[in-house]
Amino acid sequence: MKKYITNFKIVGKRVFNETYFSLTLQHPEKLPEIAAGQFVEVEVPGNKQVMLRRPISIHDVDTDSNTLTLLVQVVGKGTRTLSEMSIGETLNLVYPLGHGFSIEGKKVLLVGGGAGIAPLLHLSKCFSAKGIKPVILLGGRSASLIPVQKEFEPYGTVAFATEDGSLGEKGLVTQHSLFPADYDHIYTCGPTPMMKAVARHALSNGIECEVSLENMMACGIGACLCCVVDSDEGHKCVCKEGPVFNAKRLTNWINK
Amino acid sequence: MLETKIHNLTLKNPVMTASGTFGYGEEFADFIDLNRLGGIIVKGTTGERRQGNPYPRMAETPSGMLNAVGLQNVGVETFCKEVYHRIKNLDTNIIVNVSGSSIEEYCKTAAMIDDLDNIPAIELNISCPNVKKGGMGFGTNPDMAAQVVSEVRKVYHKTLIVKLTPNVTSVVDIAKAVEGAGADSVSLINTLLGMAIDVEKQRPYLSTITGGLSGPAVKPVAVRMVWQVAHAVSIPVIGLGGIASAADALEFLMAGAKAVQVGTANFIDPAITMKIIDGLEDYCKRHRISNINDIIGII
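One line per chain: the protein sequences are A and B, in this order.
When the count follows our numbering, it moves up by one through the first sequence with no breaks and lands on 256 for the last residue.
When the count follows our numbering, it moves up by one through the second sequence with no breaks and lands on 299 for the last residue.
These aren't lab readings, by the way, just hints derived from the structure by calculation.
Incorrect hints may have been included.
Output of the computed footprint for chain A on chain B, the stretches with three or more beta carbons under 8 angstroms from beta carbons of chain A [unchecked claim]:
1) 16-24
2) 64-75
In silico DSS-like cross-links for lysine-lysine, where the CA-CA straight-line distance does not exceed 25 angstroms [claimed, not checked]:
3) A:K133 to A:K107
4) B:K12 to A:K77
5) B:K88 to A:K240
6) A:K150 to A:K125
7) B:K88 to A:K3
8) A:K3 to B:K275
9) A:K48 to B:K275
10) A:K125 to A:K106
11) B:K201 to B:K81
12) A:K30 to A:K106
13) B:K201 to A:K196
14) B:K275 to A:K2
15) B:K201 to B:K158
16) A:K240 to B:K81
17) A:K256 to B:K108
18) B:K88 to A:K2
19) A:K240 to A:K256
Since we're looking at a predicted model, the values are computed, not measured.
For glycine and all other residues, C-beta sits at the position ideal for the given N, C-alpha and C.
Can you build the whole structure from these sequences, using the hints too?
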């Protein structure tokens, strides 16, 4: 899949709370095919403290308007600077990067936590386009930390788990009543302990499982070898071989 | 206008890519015409496959980054059997960075690369700060540096570039020692040994605690060392360290480098090398310079 380096214009911005915001970016020309789970490397303009691009997963793609949306959690200087950008400003992206989710299975569960819900919207739409309605289980410490909720509703059965019980069932996603059902594929993105718990459940029950990792990156294209995960075949670049991996390749990582 | 020479190699222009920042070149093929480059220094290659250091391996620092990759690579045999055949027909100088932990390992790797028709040179890495044994150890002592170079010289018959570490008291002494041992060229600088601490987590950012600093932060140190070495040796000097623009490249050329390598800047703009080549052409036109060699070493 060919990669591009190109400018996008910010045409939409939503601020959900102090932690989460989204930017909708438009390109003047037709977008290439973008797989769910792929990401962009964004140049952060106007902050001398930030030199490297920031890897951010693609939340949504609209091929009619040539737009893509990034759902971003403010975690440091780079994402804070991005959160201060306005509609009309330009962002330079290297994209689409990495290896996305496979769109397979008939009884499908998507499990997202925190910022990890970002790639699951595009993934839900990809399943929906194939006539499959997944169960979409989204978790967070409280309702306000699950920034995107109703956007998922047209594409599957949406359920929530919050640690404080402010939305959906109280507890972790892995304690949710819909979690242990008879799925053939589970797709997950979110905090590492959550993904490991989901993957362990899947592996021990013979369910196909794909996890999307989020390691620190420099280049995003497999050149610097900084973002490696300790896979069962040795160190693999999350940016190039991932960010989505079949859990079977990561048993070292899952059990560590 | 931009053509330059390093020993027996003719470079279309002085712009090469630095080892460890450009993979095997293939990673950048979507963004640039690799054949426009003066050369590609491919990833540090060792006698056996290496897994490198544990994650986390990088941290962003002011105008730079620390890395501690630790020479993760497929090993020389897989390089010769597989990687070489994917890249051998590129119309540029493909140079292999040869790394190791012992003189025997350096010699084994160099001898195998010597047999590859389309690899006109190696860059002997006696300066990697991120491996426990060898690496930078060879490059910090003039006698050890001379010893490894003279042993490799016996088994390697093409252009031998030696990459120097800045983590020494006198880089000139090391440069003279490797010149005396038979090096055809020196490249400098490798990364500066550095460290950064995450104060919230109260632990270092890197799994190895220390790592190599690169990026614009190191450029003035690199220019100074290139200038010192270029005045002290008669073999060609290749300059690198923080180059991110044509003006940066010109600083190194004026300080005495016959060619330059672009490293960390490739991570920020994968097309940066083309912009630097275009910028050098533009500079020569603006200053009515018909041959880039006319400004090399003018300081």
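Structure-based check of all given hints:
Only when three residues or more bring their CB closer than 8 angstroms to a CB of chain A does the claim for the region 16-24 of chain B stand; here the count is 4, and the claim holds. Interface restraint, the region 64-75 of chain B with chain A: holds (5 residues with C-beta to C-beta distance below 8 angstroms; minimum three). Taking the CA atoms of K133 of chain A and K107 of chain A, the gap is about 8 angstroms. The hint holds against a cut of 25 angstroms. Distance check on the hinted pair: K12 of chain B and K77 of chain A sit about 40 angstroms apart at the alpha-carbon level, beyond 25 angstroms; violated.
Taking the CA atoms of K88 of chain B and K240 of chain A, the gap is near 23 angstroms; set against the 25 angstroms cutoff, the hint holds. Taken as a hint, the K150 of chain A and K125 of chain A pair is honoured in the structure, with Cα atoms around 13 angstroms apart against an allowance of 25 angstroms. For the suggested pair K88 of chain B and K3 of chain A, the alpha carbons sit about 23 angstroms apart, so the restraint of at most 25 angstroms is met. Taken as a hint, the K3 of chain A and K275 of chain B pair is honoured in the structure, with Cα atoms around 18 angstroms apart against an allowance of 25 angstroms.
Simply put, K48 of chain A and K275 of chain B have alpha-carbon atoms about 21 angstroms apart, close enough for the 25 angstroms limit, and the pair holds. A distance of roughly 15 angstroms separates the Cα atoms of K125 of chain A and K106 of chain A; the hinted pair therefore holds under the 25 angstroms criterion. A threshold of 25 angstroms between alpha carbons decides the hint, and for K201 of chain B with K81 of chain B the separation of about 44 angstroms lies outside it, so the pair is violated. For the proposed pair K30 of chain A and K106 of chain A, the alpha carbon gap of about 31 angstroms is over 25 angstroms, so the pair is violated.
Between the alpha carbons of K201 of chain B and K196 of chain A the distance comes to roughly 22 angstroms, so the proposed pair stays at or under 25 angstroms and holds. A hinted pair counts as satisfied when its Cα atoms are at most 25 angstroms apart, and K275 of chain B with K2 of chain A qualifies at roughly 21 angstroms. Straight-line distance between C-alpha atoms of K201 of chain B and K158 of chain B comes to about 49 angstroms, which puts the hinted pair past the 25 angstroms bound. Note on K240 of chain A and K81 of chain B: the hinted pairing holds, with a Cα-Cα distance of about 22 angstroms set against a maximum of 25 angstroms.
Distance check on the hinted pair: K256 of chain A and K108 of chain B sit about 36 angstroms apart at the alpha-carbon level, beyond 25 angstroms; violated. Restraint check: the Cα-Cα separation between K88 of chain B and K2 of chain A comes to about 22 angstroms, which is no more than 25 angstroms; the hinted pair holds. The straight-line distance between the Cα atoms of K240 of chain A and K256 of chain A is roughly 22 angstroms, inside the 25 angstroms bound, and the hint therefore holds.
The structure does not agree with the numbered hints 4, 11, 12, 15 and 17 stated previously, though it agrees with the rest.
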